[in-house]
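2 protein chains.
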Amino acid sequence: MPVTKDLVKRQDLDSLFEGLEKRDKRSAGLIMTLLEDEGPDSEAALRRLYAMPGRGLVIGVTGWPGVGKSSLIGRLAQGFLIRRKRVGIIAIDPTSPSSGGGLLGDRVRLRDVEGADGLFIRSVASRGHHGGLSRSARAFVKVLEAMGYDIVFLETVGIGQDQVTVSLVADTTVVVVAPGLGDHLQAIKSGVFDVGDIFVVNKADRPGADRSALDLESAVRLRQTEDWRPPVVKTVAADGRGIEDLMTEIGRHARLRASVQGAPRVKARAAEAEITEAVKTRLLEHFCGREALKSDAMARLAGEICERKIDPYAAADIILAEKGIL
Amino acid sequence: MPVTKDLVKRQDLDSLFEGLEKRDKRSAGLIMTLLEDEGPDSEAALRRLYAMPGRGLVIGVTGWPGVGKSSLIGRLAQGFLIRRKRVGIIAIDPTSPSSGGGLLGDRVRLRDVEGADGLFIRSVASRGHHGGLSRSARAFVKVLEAMGYDIVFLETVGIGQDQVTVSLVADTTVVVVAPGLGDHLQAIKSGVFDVGDIFVVNKADRPGADRSALDLESAVRLRQTEDWRPPVVKTVAADGRGIEDLMTEIGRHARLRASVQGAPRVKARAAEAEITEAVKTRLLEHFCGREALKSDAMARLAGEICERKIDPYAAADIILAEKGIL
Chain A
1 MPVTKDLVKR
11 QDLDSLFEGL
21 EKRDKRSAGL
31 IMTLLEDEGP
41 DSEAALRRLY
51 AMPGRGLVIG
61 VTGWPGVGKS
71 SLIGRLAQGF
81 LIRRKRVGII
91 AIDPTSPSSG
101 GGLLGDRVRL
111 RDVEGADGLF
121 IRSVASRGHH
131 GGLSRSARAF
141 VKVLEAMGYD
151 IVFLETVGIG
161 QDQVTVSLVA
171 DTTVVVVAPG
181 LGDHLQAIKS
191 GVFDVGDIFV
201 VNKADRPGAD
211 RSALDLESAV
221 RLRQTEDWRP
231 PVVKTVAADG
241 RGIEDLMTEI
251 GRHARLRASV
261 QGAPRVKARA
271 AEAEITEAVK
281 TRLLEHFCGR
291 EALKSDAMAR
301 LAGEICERKI
311 DPYAAADIIL
321 AEKGIL
Chain B
1 MPVTKDLVKR
11 QDLDSLFEGL
21 EKRDKRSAGL
31 IMTLLEDEGP
41 DSEAALRRLY
51 AMPGRGLVIG
61 VTGWPGVGKS
71 SLIGRLAQGF
81 LIRRKRVGII
91 AIDPTSPSSG
101 GGLLGDRVRL
111 RDVEGADGLF
121 IRSVASRGHH
131 GGLSRSARAF
141 VKVLEAMGYD
151 IVFLETVGIG
161 QDQVTVSLVA
171 DTTVVVVAPG
181 LGDHLQAIKS
191 GVFDVGDIFV
201 VNKADRPGAD
211 RSALDLESAV
221 RLRQTEDWRP
231 PVVKTVAADG
241 RGIEDLMTEI
251 GRHARLRASV
261 QGAPRVKARA
271 AEAEITEAVK
281 TRLLEHFCGR
291 EALKSDAMAR
301 LAGEICERKI
311 DPYAAADIIL
321 AEKGIL
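So the sequence lines, in the order shown, correspond to chains A and B.
The working numbering numbers the first residue of the first sequence as 1 and each following residue consecutively.
The working numbering numbers the first residue of the second sequence as 1 and each following residue consecutively.
Hints should not be assumed to be uniformly reliable.
Where chains are identical, the list cannot tell them apart; a pair therefore holds if satisfied intra-copy or between any two copies.
[Stated by the list, open to error] Derived pair list, reagent style DSBU-like, types lysine-lysine, alpha-carbon separation capped at 35 Å:
(1) Lys323 <-> Lys294
(2) Lys25 <-> Lys323
(3) Lys309 <-> Lys22
(4) Lys323 <-> Lys267
(5) Lys22 <-> Lys294
(6) Lys294 <-> Lys85
(7) Lys267 <-> Lys22
(8) Lys323 <-> Lys234
(9) Lys267 <-> Lys25
(10) Lys25 <-> Lys85
(11) Lys309 <-> Lys267
(12) Lys294 <-> Lys234
(13) Lys309 <-> Lys85
Derived from the structure by calculation, the hints contain no laboratory data.
Excised from the complex, chain A in its bound form:
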């Protein structure tokens, strides 16, 4: 983390948000740093953020390392910049914040467009988030929306819950695979398939691309609704082939989403889970205080859980009884 929480004092919140309204990237970065912590400052920032106007199109781009997500986002960003859109990129990345995307070599990298007017890039380490990822992702999107970005890319690496979590925050989720990795089969079987709105076979000049696309297309047919059958687009991000098709599909999906009343069921459920989580946190704060759970009993019980002697619920009951709460 480039800036510690201590540097962002509560008395500075006013000036940080003034900066944000002036579209100052440094202020935005500091607010994001603040939001990564949990605590009163973070919550105050969150409150102010949600009070600000701004609504962009959030495009989740998800897929294994090496499929060319960074190149693809670079091409799409260029496409939107040419159309005079302001573009923000948030890379949810289990790796270093400095890599700006994947490590495997592709010719078009994000840094080629980085620094361009109207472009903002920020990497967020997903490590240590423990379920707060969805909240952070939503908050970071709000920061960029408040700054007037029209398009916000959320890039996620890997497979598993992180990916699904982030796709629930996005308006449109693009699932990217590459031929020869067998990853399109994994994608079909994984949770991310259910939340994918558009599927991309990148590196489509490689052998096996047609097969990957066909497999995806037949799987997608089962997910077809009256409104939308997720399209399968073949691209070669390295030379730009298929990017226009992909832009078209993204636009088509955005228009559909805008015309349909209410959020899709799966996203509403995720939001309900977030509210429930917030209710739980509020109850904990109210009845136990923020720090009150840090006790000798807690440390001892944690040790016993590591030894698999008790389960977390039994430990919770002991702590609540000790405090006379339940």
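Chain A is fixed; fit chain B onto it per the hints.
Just chain B now, kept in the frame of chain A:
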């Protein structure tokens, strides 16, 4: 899920646990199915489980798809079976429960040893767990320990929080990479590096294996403690090369863990987070009831979160005020 919750009635818990004590695999499977749900039955099962004796060595095996985790676990399982250990394998898998591991072709697969006496294999879909993965993984490990399994493998696919979560449950975490994927660099930079106890370069007969091992070794030097420098082992699971070395290192690490008092700091912190989560759940149950949060207000607020009009904390405050709780 092969069995629905309805099939496992509460009155059957006694007979299921009788079966478990008799090491009946079907009873174990039914209890695991029950544990995957949340609810009173699941909790009753959890209570009984933690009251049972049994302590095995839990080995987390983690790495990208295609590095050969399944083959490696197959070889290690054979090694332990030869030493007359009873071996259980739990595959935390974002893909189909039926695949029994990765999809990419390796010659030695888990099914070669499946069905062998003293071997138990169960796949757990990680989708939909939303942070309950750690609790499920601990519970499933307890099931196998209660059945007297000496060794329990926890296999995780992919990168991200799932991996780190599972490594916190394991006694020994083995991080597996393969040459040419660039994944050893990703591993070094990711959260899983901090929780890896042993690093394996599998497919070490391929070009780039020495380079991967050297990179890992120099990164590992920075993590060295007085007690332990995570070793880097080269293996070829396909023909068994290096497996004995890996068995030796696993044994060395298990002896170290057994000799050190208390759990490592990172695992104790994870256990504290689990207790806190359980405290929150208890408070929610007590003050709101299990189902009480399902309301029209909840649905409306969830919609507003999807529209990014309010944040989850503001929604929580509205709900708590409406219920007159806070």
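Broken hints, by number
2, 5, 6, 8 and 12
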